[in-house]
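Asker: Between the sequences and the hints, there should be enough to build the whole structure, so can you do that?
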Amino acid sequence: MSAPAELVLAAGGPVIPNFGGGSSCVVQNHQFCLSWFEHNWSSVFEPRLVEHLELTAIAVGVGMAIAFTAAIIAYKQNWFETPFSLLSAFLYTIPSLALFELLVQVTGINRFTAEIGLVSYTLLILFRNTLTGLRGVPPASIEAAHAMGLTPRQTLLRVELPLAFPAIMAGIRIATVTTISLATVAAYIGAGGLGELIFDAIQSGFKTEFVAAGVLAIVLAIALDIVLVLLQRAITPWSRRRLAPT
Amino acid sequence: MRSSDPVSFFLNNLSLFGDKTAAHVELSLASIGVAFAICVPLGVWLGHLHRGSFLAISVSNIGRALPSLAVISIGIGILGIGFRNTMVALIILAGPVMLTNAYVAVDGVDQDAVQAARAMGMTPLSVLLRVELPLALPLIFAGIRTATVYVIATATLATFAGGGGLGDIIVNEPTYGTAGVVAGSLAIAVLAFAFDGLLALVQLGVTPAPLRRQGRRQRVDAIVEASWETGGRR
Amino acid sequence: MAPIGAQAEPATKPRSGEKGSRSEPAEIAFRNVVKRYPGRQRAAVEDLSFEVAPGEICVLIGPSGCGKTTALKMVNRLISITAGDITIDGRSVRELPLTELRRGIGYVFQQIGLFPHMTIEHNIGAVPKLLGWSRSRIRDRACELLELVGLDPDSDLRRYPGEFSGGQQQRIGVARAMAADPPIMLMDEPFGAIDPIARERLQNDFLRLHAQVRKTVIFVTHDIDEAIKMGDRIAIMRDGRLVQLAGADELLASPADDFVASFVGEDRGLKRLRVRKVRDVELDPPVPGAGSPEPVRLDTSLHHALSKMLAEGTSAINVLDEQDALVGSVALEAITALIAPAAARTDLSAGAPDGSVRS
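Chains as they are written, first to last, in this note's numbering: chain A, 69 to 314; chain B, 3 to 236; chain C, 8 to 366.
Just so you know, the hints here were simulated from the structure itself, not pulled from any lab data. None of these values were measured; they are calculated from a predicted model. Wrong hints could be hidden among the right ones.
[Claimed, not checked] Just so you have them, the derived chain B footprint on chain A, three or more residues with Cβ under 8 Å:
1. 212-221
2. 262-271
3. 275-282
4. 288-299
Where is the CB? At the ideal position from N, CA and C, for every residue including glycine.
Answerer: Take a look at the structure:
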């Protein structure tokens, strides 16, 4: 793939995806052509958006399954924390494009490879937040639970995990938003999603596509962040009710 | 020049790697520098006044949510390609973390110390420079460190916007071959780790000795806390 | 296996209160209990033996490190027993399955430990839920208990702990401990973190509650005044051993050794006045006319009576009974005679009908 610097806007206009109807805005390659965007929403943008959501959901879901289990193990067996932290921090520090390219050498150019990379990036924050949340549970509540005759498992399910939930949720929010960002890069190795539109635009130089894909990704990220915040508030009513000032 | 394994590729193309790394670091540091110049003083000032908490948190939330490639993509669409334009995108990505950390750091300085300083007759500027900033420095620096490592990593994508850097090698398989791509990927990973490690050492140097023991866990907890809803927490 | 409180009790046990409690209180016995931590020279608890009668409040008190909290926590095995045994109604706590043991014991402690993420109703219902009670039964019980501890069921059931003050939270803590009607309660400095005014109200309310509900209580405190106020009997501990176990008045009147004497305070004589009442003293005939200030009652503490006499500068004060009839007067000399050591008593009582005092 040639570097974008080599793209030249020839006198006849850039090579635009020909979806029919070259309005003047498109032909002159203005920064954003609304009509083109609206016209091509369901054929171009919507499928990629859905794909992007799928990528993200799978990555966060799998990442949560792994990190959550690891955090519970680390909560009960302290020694486990350091090795898992180091591993997930190591994975997290590798720049995304580099990680994806390295993985490709092993598992090929496909969605599965992308998912492996995306899952790796979620591990650190999900693990850290879950563990911190569990450790932040008030010791008095745990003592009361034990004194009442709750078994360790009951204490974990009914007291510790619910109280750790705000931290866990914060982690899921950060992981989701980060994954959306990384998933755009993952398109480079064939994962699809909104990133694919960006890479198409890099080929064609079509500005509207750059702007539209970018804005959609940002909107998606912020929208999901808000949804998760609202979800968290709905599930944890106690964290917002405070003692009324007297 | 093609070679069959990454290490020999690297060794055979030292000047290439040298040039690309230099460009990469130059782009990163320039962006960080500008973002620092704009956001850190702003954050420090707002924190000193204890104003704008909503702004700081919103900026933090939105900034954290921005997909990096998307910002670069919009940058290409609006500003076109090239070093300067890529810088704009990176500044936008680096800014929020530094702004928020600077704000939280200065806003959260122990108010007892500040009151004692004022009672001693220090001017507000003195209080800021001699009491608040030194105490806030570790967290401010944590923000700089996070932002720097983030920008170094994201600058890999600058290749798509004509910004140069090690990304050029990674995306150019036709020219450099598989070995080249792998070598480039490893190089950028090593670069990221190197900066992270270097800044960790600097951070240790910048943290006053009594606060050092709190270390890693406390800092992560601080970041975790800063990301929580203010809700039921203080 | 039925939980501890559900056994049939012999008729000699004191009757449990009708409101708030339907189970019989249990007897707790410590038999040569020892707690030793590895690597430590002195045992935390050494050869501790005593009994707490059913329905009694027994206070454990002593300087820090004396082992009082350790002893308490061995009853519900939050701390394991090294040697010896603790029995509840004759059944060893070491043999009972842990969860069954703990579900039959109410535990209240200084940090309160309400579950922040559960409503008050669910907090109180925590143990009943474990025991399989129905939701409506739990709700009724929660309402009943909230009223007993002085809160308002209508508004408070659906609230969360974070919405209440410390004193209110501990009231809820007490309600939660009593929810499954356990025959015994363990209280570890329950009012220690509460401000003094709220604390006094909590103490009074708890005593009133206990008079109705009559559970066996072991209460740990480091405050001698609280111990005197709350305890039917007080166990003073030191360095892991029991030094003296006695009712408040006996402890104050006859401390077993110098340590106890200094622990209860130099002013133990005056402290006794808080424990004893006007009815404990031989009354003189009423003092008519203007010389006598406002009367006291038979159940007024001697401390209060003495305060009034000192404030008015008189040496006698009239006494009324429950029907507001004048029954006599109490004299300064009678009060001082009560707290004087036995030897000196004969001097002070010179001139009185006889030197004895009713106890």
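Asker: Now look at each hint and say whether the structure bears it out.
Answerer: Here is how each hint holds up against the structure:
1. 212-221: violated (count 0)
2. 262-271: Holds, because 6 residues of the stretch 262-271 of chain A bring their Cβ atoms closer than 8 Å to Cβ atoms of chain B.
3. 275-282: holds (count 7)
4. 288-299: Result for this restraint: holds, n = 4.
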